[in-house]
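Engineer: Sequence:
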Amino acid sequence: MIDKIKKNKVSEVPDWVSNQMKEVIKWMMNQNENHRPTTKMILSHDTVLMYLRSCEDREQSKQEKIEAFNERDLLIEERNGLQSDNERALAGRDQERIEKDRLQIELSRERIEKDLLQIELNRQIQERNALQSDNERALAERDRERIEKDQLQIELNRERIEKDQQKRRADSTQSELDRQKTKTNESQELVNAFQQQIEATQSDNTRLTTENQHLQTELSKLRPLTTSPKQQSKLEPKHQQIQQQIPIPSNTQQSDNHISLQQMSFVQPAVIRGAQIGQSVIVSKPLPKEQSKAQPKHQQIQQQVPPSLNPNMLVGIIPNKQHVYQQGLKIIRTDKYDISTVAFNPIISSGIVRFGGFFERHSSLYNFSIGIAESSAIFGSNEWPINGENRQKTVCYWKDGGISHIGPVIPENSKIELNKSVSCEVNMNISPRTLTFFYDDQEQGLSVKYIPSSIRFYIFLWDANSSFTINGFENLQYSSAKKVSNGKVFEWGKEWKQ
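For the sequence shown, full-length UniProt numbering assigns the number 1 to the initial residue and increments by one for each residue that follows.
Source of the hints: derived by calculation from the structure; they are not laboratory data. Just so you know, even glycine gets a beta-carbon here, dropped at the ideal spot from N, CA and C. A couple of the hints might just be wrong.
[Unchecked claim] DSBU-like cross-link-like pairs, simulated, lysine-lysine; straight-line CA separation at most 30 Å: (1) Lys494 with Lys449; (2) Lys149 with Lys488; (3) Lys449 with Lys488; (4) Lys483 with Lys321; (5) Lys482 with Lys449; (6) Lys100 with Lys114; (7) Lys399 with Lys330; (8) Lys181 with Lys167; (9) Lys26 with Lys40; (10) Lys163 with Lys336; (11) Lys167 with Lys321; (12) Lys65 with Lys167; (13) Lys163 with Lys321; (14) Lys149 with Lys420; (15) Lys449 with Lys321; (16) Lys149 with Lys163; (17) Lys482 with Lys420; (18) Lys483 with Lys494; (19) Lys181 with Lys100.
[What the hints assert, rightly or not] Per label pair, the in silico range of CB-to-CB distance: (20) Glu148 with Pro408: 17 to 25 Å; (21) Gly328 with Lys449: 15 to 23 Å; (22) Leu156 with Lys497: 48 to 56 Å; (23) Glu162 with Glu127: 45 to 53 Å; (24) Ser485 with Gln104: 27 to 35 Å; (25) Ser376 with Asn312: 22 to 30 Å; (26) Ser376 with Lys449: 34 to 42 Å; (27) Leu139 with Val484: 38 to 46 Å; (28) Asn475 with Glu162: 33 to 41 Å; (29) Arg179 with Lys149: 36 to 44 Å; (30) Ser480 with Glu145: 38 to 46 Å; (31) Ser485 with Met313: 30 to 38 Å.
Please work from the sequences and hints to get the whole structure.
Structural biologist: Okay, here's the thing in structure tokens:
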């Protein structure tokens, strides 16, 4: 451009350029460089200034545009940043939601695993309980077998003892028979000896009688027929000597036969003058001392009626001895799988009477009871005390603490534990007659009034080889019932309700 100016090869200035600008341009295109305007002069020219201002405005506008663009870019970046933040926030929220869902799934999985573990634990507990039940049944079976074995051993020992006792009794009986036989033989020998002595005495008596007759004949020949009384009396001692009793040997005192030789009296017939002496007789006479002993013994038997009750008087009414039996004060169930209700004699119709005992060897799976029954109640084999009509004739105190009569079981009494004393007390002296229960010597809250005029006590056993031991049966002078506070009294013959 400068070269073109120097060579004056410039084109004409367009018309739209202002005249002032044209002058400046021409001025600048002056060939004499010294006459050319300076930069300051050019820049101070209005057109140039306007142009510069225009350029500056354009530059400023451009800069503003750039700044606007930059600001827009910043806004875009900020928006993009915000969008990124939003996206990150959304991503974080999504991540949190995903994490939350994952945690929920994990919790659900843990819950499911926990439920599965609980189910497994319950199954293991059930299996363990089943094993424990099997073990308990096995132990119970083993205990039952051991008890049966012990009972068999006891039975064998009892039979052996009975056989030994029978043998000893047989030996004792044989010994007694031999001793009695020996005594009988000794007695027979003594009788024979007495018989011989009697025969000898009879022979002597006959001889003496004959001699006496002979002497009397001789005297009658020697003396006149009329003799004085004095002479006749002198002959009497000889006659009396003939009538003396035969002496008893000393060894007869050692015999204790049923007919004692010491208790025999030898009766010698009177010697009639010139008559034959008759056969001697041995007569058995009881001593007065024995008669006096017999009468007090009879009186003693009459006085043996006991003035009061005691447990040994109780006799169980056993319906079937294959299921239950009484051994002293103990009622024992056998190993038969049945139930047993045992009532006791005597019948109670007067007084204040208390009956009690304790249960033994009874599983918690089976029930048992104690109570009273109307005297007309009859319990058959393998029957509950509440079967049929007997429900209306009994009051039962069950092991779980409830009592029953007509209607449902009424709870609230103490549960009956094994080896703990439980008793029933009836008061037949008052009106209405009452029944009170005692457990471990503590009066129970549930009692009964208007009981029948004659009753029996009873017990009920279910489990095999279980038992009830009687520890009390007595008359009381005063009732032990004090009426427990908040207690309940039910009436015999009516339906009971809770």
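Engineer: For every hint, state whether the structure bears it out.
Structural biologist: Do the hints match the structure? See the list:
With a C-alpha separation of about 11 Å, the suggested pairing of Lys494 with Lys449 holds against the 30 Å cut-off. Proposed proximity of Lys149 and Lys488 is contradicted: the alpha carbons are some 47 Å apart, above 30 Å. Distance restraint check for Lys449 and Lys488: the Cα-Cα separation of roughly 11 Å lies within the 30 Å cut-off, and the hinted pair is therefore satisfied. In summary, the hint linking Lys483 to Lys321 is not supported, as the alpha carbons are separated by about 40 Å, beyond the 30 Å threshold.
The suggested pairing of Lys482 with Lys449 holds, with an alpha-carbon distance near 14 Å, which does not exceed 30 Å. With a C-alpha separation of about 20 Å, the suggested pairing of Lys100 with Lys114 holds against the 30 Å cut-off. A threshold of 30 Å between alpha carbons decides the hint, and for Lys399 with Lys330 the separation of about 19 Å falls inside it, so the pair holds. For the hint pairing Lys181 with Lys167, the CA-to-CA distance comes to about 20 Å; that is within 30 Å, so the pair holds.
Our distance criterion of 30 Å between C-alpha atoms is met by Lys26 and Lys40, whose separation comes to about 17 Å. At roughly 27 Å between alpha-carbon atoms, Lys163 and Lys336 fall within 30 Å of each other, so this suggested pair holds. The hinted pair formed by Lys167 and Lys321 meets the criterion: a straight-line CA distance of about 27 Å does not exceed 30 Å. Note on Lys65 and Lys167: the hinted pairing is violated, with a Cα-Cα distance of about 143 Å set against a maximum of 30 Å.
Between Lys163 and Lys321 the alpha-carbon distance is near 22 Å, which keeps this suggested pair within the 30 Å criterion. Between Lys149 and Lys420 the alpha-carbon distance is near 27 Å, which keeps this suggested pair within the 30 Å criterion. The hinted pair formed by Lys449 and Lys321 fails the criterion: a straight-line CA distance of about 34 Å is larger than 30 Å. Of the supplied pair hints, the one linking Lys149 and Lys163 holds, its CA atoms being roughly 20 Å apart against a limit of 30 Å.
With a C-alpha separation of about 21 Å, the suggested pairing of Lys482 with Lys420 holds against the 30 Å cut-off. Taking the CA atoms of Lys483 and Lys494, the gap is about 21 Å. The hint holds against a cut of 30 Å. Distance restraint check for Lys181 and Lys100: the Cα-Cα separation of roughly 114 Å exceeds the 30 Å cut-off, and the hinted pair is therefore not satisfied. A hinted range of 17 to 25 Å for the beta carbons of Glu148 and Pro408 is inconsistent with their spacing of about 37 Å.
For Gly328 paired with Lys449, a C-beta distance near 34 Å fails the hint of 15 to 23 Å. With their beta carbons about 54 Å apart, Leu156 and Lys497 fall inside the hinted range of 48 to 56 Å. The hinted window of 45 to 53 Å between Glu162 and Glu127 holds, with their beta carbons roughly 50 Å apart. One distance hint, 27 to 35 Å for the beta-carbon pair Ser485 and Gln104, is violated here, with the actual separation near 60 Å.
The beta-carbon spacing between Ser376 and Asn312, approximately 26 Å, falls within the hinted interval of 22 to 30 Å. At roughly 20 Å, the beta-carbon separation of Ser376 and Lys449 lies outside the given 34 to 42 Å, and the hint is violated. Here the CB-CB span from Leu139 to Val484 is close to 39 Å, well matched to the stated 38 to 46 Å. Between Asn475 and Glu162 the C-beta distance comes to about 36 Å, which sits within the given range of 33 to 41 Å.
Taken as a hint, the range 36 to 44 Å holds for the pair Arg179 and Lys149, whose Cβ atoms sit roughly 43 Å apart. Judged by the Cβ atoms, the range 38 to 46 Å given for Ser480 and Glu145 holds: they are separated by roughly 43 Å. Distance hint check for Ser485 and Met313: the Cβ-Cβ separation is about 35 Å, which falls inside the suggested range of 30 to 38 Å.
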